[in-house]
Amino acid sequence: MTLKAGFRRLLERVLLKEIVEAMAVTFKHVFTRADTVQYPRQKRRLPDTNRGALVLLHYEDGTERCVGCTLCEIACPSHCIRVVSDQEEGKPLTRFAKEFYIDMTRCVFCGFCVEACPVNALAMIKMYEYASDDKRDLIFDKEKLHALGDLHHQDAKAYLVAHRQEAVDEESRQYRYRHPSPLAK
Amino acid sequence: MEELGHIYGTVERFPKPWELDPAKPLTLTIDGEPRVVPPGTSVYDAILKQGMALPSMCYHASFSPFGSCGICLVEVEGKPNLVRACTAPVTEGMVVTTDNPRCRDGRRNAIEKWLLVHPLDCPDCDADGNCELQELTYALNVFDIKEAKRRRIPEDTRSPVLDFNMERCILCAQCINVCKEVQLVDALGFYKRDGYTHVGAKGDTTLFCEFCGDCLAVCPVGAITNKHAKYRFKPWQLAKTQTTCAYCSDGCQLILESNPVEKRIVRITSPLSWRSKWGQGIDTSLGHGGTCGRGRFGSQYLHSPQRLTQALMREGDSLVEVPWLKAITHVAERIAEVKAQHGPEAIAGLITARCTNEEAYLFQKFMRQVIGTPHLDASARYGAMNAVLALRQVMGRGVATVSVKEITHARVLLLIGTNITETNPLAGLRVKEAIREHKAQVIVVDPMKTSIAKLATHHLAIAPGSEGVFLRGLIKAVIEKGLASPAFTASSPQAYEAFKAAAVAIPMEAVEQRTGIGRAQFEAVAELVATGDRVVTIFAEGILARPDGYRHTLLLLDLALLTGQFEKPGSGLAPLWEENNEQGVVDMGAVAELLPGQAFAPQPGATLVEILEKARRGEIKLLYLIGENPVGTLPAGLRVREALERVECLVAQDLFLTETGRLAHVVLPACAFAEKEGTFTNWEGRVNLVNQAIEPPGECRPDWQLLTEVAELLGHPMAYSTAAEIRDEISRRLPGYFGPEGNPRRPALTIPAYLPDGFAEAVPARYALPGDGRDGRDGVMALVLGQVLFHSGKLSTRADGLTQLHPAGLLTISAADATRLGVAAGGRVRVTTPSGSAIVPVEVGAVQGRTGMADGVCFFPEHFTDPPVKDLLPCTVDPVTHVPAFKAGAVTVEPVPPDPDEPAKPGNMISSGPAATSGGNGA
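Protein chains in written order, with my numbering: chain L, 1 to 185; chain P, 1 to 923.
The shape of chain L in the complex, shown without the other chains (with noise of 0.2 Å):
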């Protein structure tokens, strides 16, 4: 080490350099507007492809989108959706889900379901916020999951345009299964 190196730090220690470097650096905030979210007075605004809570979506005139296919819980890498499909009774030609469950404690948001669901009945939303001292309200069912879509059914459309699910809808309309309207004898 030279002499002049080590006095240079000598001074570099007494005038306390790191100090007040660092403190510019902190004091330069004070003028800037803070990032920080107010959580939960404030909230952030979303993307569209935000991947939050699943829901179960209807058509616009009210009748279920579901077909229990069954697609989603064989995307489904976590095992957490579970359904049980059945005949309407009186429609022979129309298969629905009985049952859908979503275990919410074991989904990973990965989004392969609604990828999955050859009818867009499966979207994800922009709402996160449910969580419970109990596990049991975390499996969604069949009911909870159509209330959430109706609720959030502008978030879920959107979601499924942001992904390109529904982005040339009239499209590909023919390439996606729709139930057929029931036909007389």
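Don't take every hint at face value.
Unchecked claim - Here are some chain P residues the structure puts well away from chain L; computed CB gaps all over 10 Å: (1) K230; (2) Q494; (3) A524; (4) R686; (5) P868.
Unchecked claim - Per label pair, the in silico range of CB-to-CB distance: (6) L/E115 to P/L286: 35 to 41 Å; (7) L/E89 to P/P807: 20 to 26 Å; (8) P/F143 to L/D134: 43 to 49 Å; (9) P/A148 to L/T32: 57 to 63 Å; (10) P/A148 to L/E89: 26 to 32 Å; (11) P/P260 to L/E89: 25 to 31 Å.
Since the hints were made in silico from the structure, they are not lab data.
Only a predicted model underlies this, so the values are computations on that prediction, with no experimental measurement involved.
Think of the CB as a built atom: it goes at the ideal place given N, C-alpha and C, for glycine as much as any other residue.
Please arrange chain P on chain L, whose structure you already have, making use of the hints.
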């Protein structure tokens, strides 16, 4: 058509398969490699035989090629267009290319043709994931579908178990071909409606057929669906367990498909499917891998809400639910008590032949070793023992001497006393294959015009109950025409002399008059049976469950000896048992006089009827029933109820609370076949595995486990933790019983030992004609209790799928008798015997359109206890085998005016169902 030669020119005629020299094989080139195939082979088969695969949708090994799908396209040198390989026969020097861009394009176009009109409702479809169209679409890379249009065809949901969705149909006609060529039922066909081709019951009517479900199995798409399972599953969700059917003694392999989460059987399939199209996993000479309507649609009793799930114990007049341990402790205490007070012989047991071999073995061990009583019997006593003891006496072992393979390849089939297509549909299918494929001569001896009689070459409609007389006449005809086997006459001259002397003594006029069969027909049948090179005799309830069943089986054996059936390969006797494991319970020694391996017991115990007799006398204090229901099975004339009421402790192990269970002191819930492990032995002697598919409900346990628990409490621990351990013990005791080398085991014939051994003395008594039981009074008809296609025992009446197909017991009478009595279908008659009378609704003509009734005969399905027709009939007990025969008798039938207060009961089964508007194609 020579006169058209100037228009069309001359055509080189293609040689028919039989015009080709079978000794001269053909050579062809497949993909550049020379191959040699026998003449008559199709190009598709030739390609398959070389170990190469060619896609196709309408081909199936079990029937002849149809050529509707157009996917098996190959290029043949010299042909301008691609050729459908399945329908093109190989010609000498053919050059075939199977894989080039042109063939691949052709196949893709064929797939695309169907995708354009296929609804693509895969998410909805039951075949999704198990669909040939899907698989081939991916395999052949068909991804570019042009303008698709959807056929709008309503679904046909009229049939009771099958739904036809013609939007999805690709018109491959596999369903039609399997129905026509394999089943010989021919219920399905193409028809046009609204401009589209449909598949369904012929003439666009409601389908009411035998409901074997083979059409459902071979459908490559989801066009035919199972109404009971529809939309409730996806193929990949279901756990598949291969097991053996527990209805009849054919031992068909079933695949139980269960929902692993709900632990319920969703549907039942069989090895037959579009995936087995090249014959994989199925040997068509043993069976095409299918099953019958009972096996496929009759599983609902497993999940019936009436199933017992908890042990019941009698408290006062009622049965109350108790914990399982309490019930079983009570049983053990009572057994110890009775044994100490009255000795072990005061205890008896009955077991059903629906349980596994392991349970039957353990039951006899429990009764004989733990308790020390010889009084035990099985439901094989209801008929099978007649044949078992007769066969055992002659051949050393009571088992069929042929298997289904011999039935398939038989030249002559003699079916006597069996309605084979109703009781054993899959064995019946082998007879049908013998008719269709091998052009066998089939002689059906049955008073009724059964389904097989309609297909047979010779139907001898004998008078009801004259089977024994017919056999005597037939043996007389064989001897009189000098048709006896020279080998037999040379080796056993004194036996032949005894037969001859007995035959001469038979008055042929009386035989002709009693059976209603002329001498010429006897001689024609004798000629066929004696000179045919592969002769198989099939007999069942018409011989076994009738009076003198033992003697009649011996007569059949005499006929077999006389005509040398034991020397000719491929010939022999096939007794068809009623229940699934009657062979097994006999082999396991769960009957009074036999030990495991059919060895005679040194001290034979009381048989079924004797046990009940002893119970009535108060000698049996404790009766242990496993799945047996004597009150519901035996006629009231035997006073079974009275006998069981006198028993101090009646223990019943069963699935349901039966009529007998209601009398019991302790009822233990048992497991059904889908809930336990084990083996069943079918009528051939083939041992089939039973595998567990679902968990037993509630506190149900397998019967063997209940027995080991009771034994343990009695201080005789039976250290078995699985059924396989019992099986190990059986195979140590009966080496080779489960082994592949003896499966099915054929008895080592001991005929030379049998013949001199007191044989000649027994012959004259056997050939004496019995008295004519009929009285000449007017209006007396012969009532026959028998099995029907959609039921087996009484268990099947708890399966919704089967009760839909056959809801109630109706008395079937012939059209002439109906006119004579003045009743129409839906009317009611009073059936009277000395034991009482019952009012029964009537069906006219045939049992559900299948078994045609002869004049003077009426038929009632034995499965139904309401109205109590079985209680009207007398019961005769065979003096040698102690088999109670109670399924036939003379009755008076008189019309009853309809009851105005009661709503009209559905008369004809077919018109009561959804077929009401169509008139019923089966009627």
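For each hint, the structure was consulted:
{"no.": "1", "hint": "K230", "result": "violated (5 Å)"}
{"no.": "2", "hint": "Q494", "result": "holds (71 Å)"}
{"no.": "3", "hint": "A524", "result": "holds (53 Å)"}
{"no.": "4", "hint": "R686", "result": "holds (38 Å)"}
{"no.": "5", "hint": "P868", "result": "holds (37 Å)"}
{"no.": "6", "hint": "L/E115 to P/L286: 35 to 41 Å", "result": "violated (47 Å)"}
{"no.": "7", "hint": "L/E89 to P/P807: 20 to 26 Å", "result": "holds (22 Å)"}
{"no.": "8", "hint": "P/F143 to L/D134: 43 to 49 Å", "result": "holds (48 Å)"}
{"no.": "9", "hint": "P/A148 to L/T32: 57 to 63 Å", "result": "holds (59 Å)"}
{"no.": "10", "hint": "P/A148 to L/E89: 26 to 32 Å", "result": "holds (31 Å)"}
{"no.": "11", "hint": "P/P260 to L/E89: 25 to 31 Å", "result": "holds (26 Å)"}
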